[in-house]
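S.K.: Take the given structure of chain A and dock chain B to it, following the hints.
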Amino acid sequence: MQRVFGSINIKSWKFLLTAAVLIVWIYCYVANGDVTNSVVASGMRFGMPLALASMVGIMCERSGIVNIGIEGTMLLSGFTGFYVASYTKNIIIGLIIAILTGMLTSFVHALMTIQWQMDQIIAGTIINILASGLTSFLYKEGSTVPNTWPIFDIPILSRIPFIGHAFFSQQGPIQYFGLILIPAIWVLIYKTRWGLRTRSVGENPGSADTAGISVIKVRMINVVLGGAIGGLVGGFICLELVGSFSKEFTAGAGFTALALMIFGRWNPMGAFAAAILFGLAQALSTQLQIFGVNNIPNQFITLLPYVFTILVLVFSAGKVRPPAAEGKVYKKEEA
Amino acid sequence: MKKSLVAGATAVALAVLGFAAPASMAATNDDSKCGTAGVTCIGVVTDIGHVTDKSFNQAAWEGAQAGAKAVGGIANYIESNAATDTEYGNNIDLFAAKHYNVIVTVGFLEANATVAAAAKYPDIKFIGVDQFLDTTKTTPNLAGLNWHEDQAGFIVGYLAGYLTKTGKTGAVVGMNIPPVYRYAAGFQNGVAYAAKELKKKYPVTKIIYHPAADNAFSDPAFGASNSAQLLSQGYDVIFAAGGGTGNGGLARIAKAKGKFCIGVDVDQWNTVPEAQACLVTSAEKLIGAGVTDLVKSYKAGTFAGGNVYGKVGFAPYHALSSKVPAAVQAKVAAVAKKILAGSLSTGVK
Numbered sequence: 001m002q003r004v005f006g007s008i009n010i011k012s013w014k015f016l017l018t019a020a021v022l023i024v025w026i027y028c029y030v031a032n033g034d035v036t037n038s039v040v041a042s043g044m045r046f047g048m049p050l051a052l053a054s055m056v057g058i059m060c061e062r063s064g065i066v067n068i069g070i071e072g073t074m075l076l077s078g079f080t081g082f083y084v085a086s087y088t089k090n091i092i093i094g095l096i097i098a099i100l101t102g103m104l105t106s107f108v109h110a111l112m113t114i115q116w117q118m119d120q121i122i123a124g125t126i127i128n129i130l131a132s133g134l135t136s137f138l139y140k141e142g143s144t145v146p147n148t149w150p151i152f153d154i155p156i157l158s159r160i161p162f163i164g165h166a167f168f169s170q171q172g173p174i175q176y177f178g179l180i181l182i183p184a185i186w187v188l189i190y191k192t193r194w195g196l197r198t199r200s201v202g203e204n205p206g207s208a209d210t211a212g213i214s215v216i217k218v219r220m221i222n223v224v225l226g227g228a229i230g231g232l233v234g235g236f237i238c239l240e241l242v243g244s245f246s247k248e249f250t251a252g253a254g255f256t257a258l259a260l261m262i263f264g265r266w267n268p269m270g271a272f273a274a275a276i277l278f279g280l281a282q283a284l285s286t287q288l289q290i291f292g293v294n295n296i297p298n299q300f301i302t303l304l305p306y307v308f309t310i311l312v313l314v315f316s317a318g319k320v321r322p323p324a325a326e327g328k329v330y331k332k333e334e335a
Numbered sequence: 001m002k003k004s005l006v007a008g009a010t011a012v013a014l015a016v017l018g019f020a021a022p023a024s025m026a027a028t029n030d031d032s033k034c035g036t037a038g039v040t041c042i043g044v045v046t047d048i049g050h051v052t053d054k055s056f057n058q059a060a061w062e063g064a065q066a067g068a069k070a071v072g073g074i075a076n077y078i079e080s081n082a083a084t085d086t087e088y089g090n091n092i093d094l095f096a097a098k099h100y101n102v103i104v105t106v107g108f109l110e111a112n113a114t115v116a117a118a119a120k121y122p123d124i125k126f127i128g129v130d131q132f133l134d135t136t137k138t139t140p141n142l143a144g145l146n147w148h149e150d151q152a153g154f155i156v157g158y159l160a161g162y163l164t165k166t167g168k169t170g171a172v173v174g175m176n177i178p179p180v181y182r183y184a185a186g187f188q189n190g191v192a193y194a195a196k197e198l199k200k201k202y203p204v205t206k207i208i209y210h211p212a213a214d215n216a217f218s219d220p221a222f223g224a225s226n227s228a229q230l231l232s233q234g235y236d237v238i239f240a241a242g243g244g245t246g247n248g249g250l251a252r253i254a255k256a257k258g259k260f261c262i263g264v265d266v267d268q269w270n271t272v273p274e275a276q277a278c279l280v281t282s283a284e285k286l287i288g289a290g291v292t293d294l295v296k297s298y299k300a301g302t303f304a305g306g307n308v309y310g311k312v313g314f315a316p317y318h319a320l321s322s323k324v325p326a327a328v329q330a331k332v333a334a335v336a337k338k339i340l341a342g343s344l345s346t347g348v349k
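Taken in order, these protein sequences are the chains called A and B. Going by my numbering, the letters in the first sequence line up with residues 1 to 335, in that order. Going by my numbering, the letters in the second sequence line up with residues 1 to 349, in that order.
Extracted from the complex, chain A is given alone in its bound form (with noise of 0.2 Å):
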């Protein structure tokens, strides 16, 4: 955990504002417990797409990679997951197909950068424009899915005092789940030796290959990894978060994630507090909405998340460094 919030500096802004949302939430249970764990829980359901969707960023990016086909990844196998799932009446083979989908777009995207060095922006922008326009296309309304994944407490967890309603209460299994797969990818990064060549690639593709690591084959298999939790998102968005397919879904969140991955400094659970507190904010403009705040004009409480996001992002610039060798082709020097 010390990578997570670095050494527990008073001085550091990360232990001040883990604090200083710790009171606030503190504060807030006492005074109403029934609407705080209701905003926490709403602002982990705004968290956790973005969450994960920053993974896929982190995934490829420690490993050299840029992906801006983020957005483009979820939109389409958000639209295969969910026409499968409708044609075969079948949620689990509608998230394996989206899963699938996920991969091989990416497998597309690592296609284009790695084996036929393309710039690596363009390839992104080509994945986005090819999933809004296929999708947009072929879209049909009318489908529907027979069920969508179903949302329930955990048991005994769900009754811890304080957290149990606010993270293990009425939501589905693909956000339960994305509560142990973002610590995985956060040790398989920093943890295990796949981890250290993935970075290692990242940072010195060079010395990495003198080493004895295949550049090519570490990045293929993390930016195919990657994909495989953007089709994740996508089936997450359709099939259990909405349950329905909608053109243009993603509305940004593949950017936003993004965003979310360098304020994170590219630090799985760094990314993951960073998309709770952008959905935190949100849900507390919601929240405001509903408390019938009369004195502040609308427009102004739905900024909040983004004024927010804006000052925390002020406060802790200056200190990003990505992954040295990000976005750069790498070609391996002939003898």
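If you're looking for bench data, these hints aren't it; they were derived computationally from the structure. Here the structure is a predicted model, which means the values were calculated and not measured. Backbone N, C-alpha and C fix where the C-beta goes; we use that ideal spot for every residue, glycine too. Just to be clear, a hint being listed does not mean it is correct.
In silico BS3-like links for lysine-lysine, alpha-carbon gap of 30 Å or less [stated by the list, open to error]:
| # | chain 1 | residue 1 | chain 2 | residue 2 |
| --- | --- | --- | --- | --- |
| 1 | A | K191 | A | K331 |
| 2 | B | K311 | A | K140 |
| 3 | B | K257 | A | K89 |
| 4 | A | K247 | B | K311 |
| 5 | B | K257 | A | K140 |
| 6 | B | K257 | A | K247 |
| 7 | B | K69 | A | K140 |
| 8 | A | K89 | B | K323 |
| 9 | B | K120 | B | K137 |
If you want a taste of the chain A side facing chain B, the calculated C-beta under 10 Å gives, among others [stated by the list, open to error]:
| # | residue |
| --- | --- |
| 10 | A31 |
| 11 | V35 |
| 12 | A41 |
| 13 | G43 |
| 14 | T148 |
| 15 | S169 |
| 16 | Q170 |
| 17 | V242 |
| 18 | K247 |
| 19 | G279 |
| 20 | T286 |
| 21 | Q299 |
| 22 | L304 |
M.R.: Frame of chain A, contents of chain B only:
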């Protein structure tokens, strides 16, 4: 070198695939006789949606077809594939060149192109669906078809007031623009009116607007999450009004047991079948009927330009009819009648 060629070719091929959605024109109706006396030709230019979108475009297209049938004419459509004034203008020109008599443009995005085209072709009648006109700047051959959304909102709000058990009602809507505001404010006043009749004190109906402009009507995750937040705080009748954003809300509310949701614009029983478990009705704009009436007025020679108001209403209860007591159904019908006749004000400006 070879590699970059392959890469370039792939890029181009993929990009072309993405853009490969050509403007399609239904040539099923022979329009070669347009322009001769006694033949009425109606052309519909959609915005970027399709005529099968089960929403605005489809309704306008069906209205044009019904109008054509009523006056013994023909109707054709062109689907626009870019939301630009040039694209809309070109599509209008295609109909104008073939001497169509009435051209229907769908959606406020086409407003500028329609105003310009109406000035360019004074002999053709134009119908701008959902286009509120500044009549000091428009020509008399252009009619802007609008609706009193607050009336539809009031009627479904009144129903919501009778359906809610907790007294808590909410609206999850798109951007705060006039038609959306009118829907939401009408809903709010409708609930309050019902509460007054019931002699109950309900908290004010909550309206949740979407913050961003570019995806305010296409953010289902926003609609779903906000609806869930309302549900978890005991709100049991929710008006989800705002394109894809609202549809996300409807689908989510359908997952909760014993809650009601209300759709918007068209009868969403068909457009969002996922929501059938909760969808008690939809606040409707009768788009097709509005277009048909204007086409008929053209034939009758009574076509008047300027802002015209079409009818609003509410959709049938469908399978949820059993959940709405007959007495309530009668009350709602009575209030709807009063509202539509103008004898009861919605209180929304």
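S.K.: Below or equal to 30 Å on CA atoms is what counts here, so check K69 of chain B against K140 of chain A.
M.R.: holds, 27 Å
S.K.: Using Cβ atoms only, decide whether T286 of chain A comes closer than 10 Å to chain B, and label the hint accordingly.
M.R.: holds, 5 Å
S.K.: Below or equal to 30 Å on CA atoms is what counts here, so check K247 of chain A against K311 of chain B.
M.R.: Cα-Cα ~28 Å, so holds.
S.K.: Answer holds if the nearest beta-carbon of chain B is closer than 10 Å to that of A31 of chain A; otherwise answer violated.
M.R.: Hint on A31 of chain A: violated, closest Cβ of chain B at ~15 Å, above 10 Å.
S.K.: Just to be careful: measuring from the Cβ of T148 of chain A to every Cβ in chain B, is the smallest value less than 10 Å?
M.R.: holds, 7 Å
S.K.: Let me know if the C-beta of Q299 of chain A comes in closer than 10 Å to any C-beta of chain B, holds or violated.
M.R.: holds, 7 Å
S.K.: CA of K191 of chain A to CA of K331 of chain A, is that 30 Å or under?
M.R.: holds, 28 Å
S.K.: With the threshold set at 30 Å, check whether the alpha-carbon distance from K257 of chain B to K89 of chain A stays at or below it.
M.R.: Given pair K257 of chain B, K89 of chain A holds - Cα atoms ~22 Å apart, limit 30 Å.
S.K.: Below or equal to 30 Å on CA atoms is what counts here, so check K311 of chain B against K140 of chain A.
M.R.: Holds, at roughly 28 Å.
S.K.: Is the interface hint satisfied for G279 of chain A? The criterion is a beta-carbon contact with chain B at less than 10 Å.
M.R.: For G279 of chain A, the interface hint holds, since the closest Cβ of chain B sits about 8 Å away, which is under 10 Å.
S.K.: Within a Cα-Cα threshold of 30 Å, do K257 of chain B and K247 of chain A meet the stated pairing?
M.R.: Status holds; Cα separation ~27 Å.
S.K.: Using Cβ atoms only, decide whether L304 of chain A comes closer than 10 Å to chain B, and label the hint accordingly.
M.R.: Check passed: Cβ of L304 of chain A comes within 8 Å of chain B, closer than 10 Å.
When the structure is compared with the earlier hints, a violation turns up for hint 10 alone.
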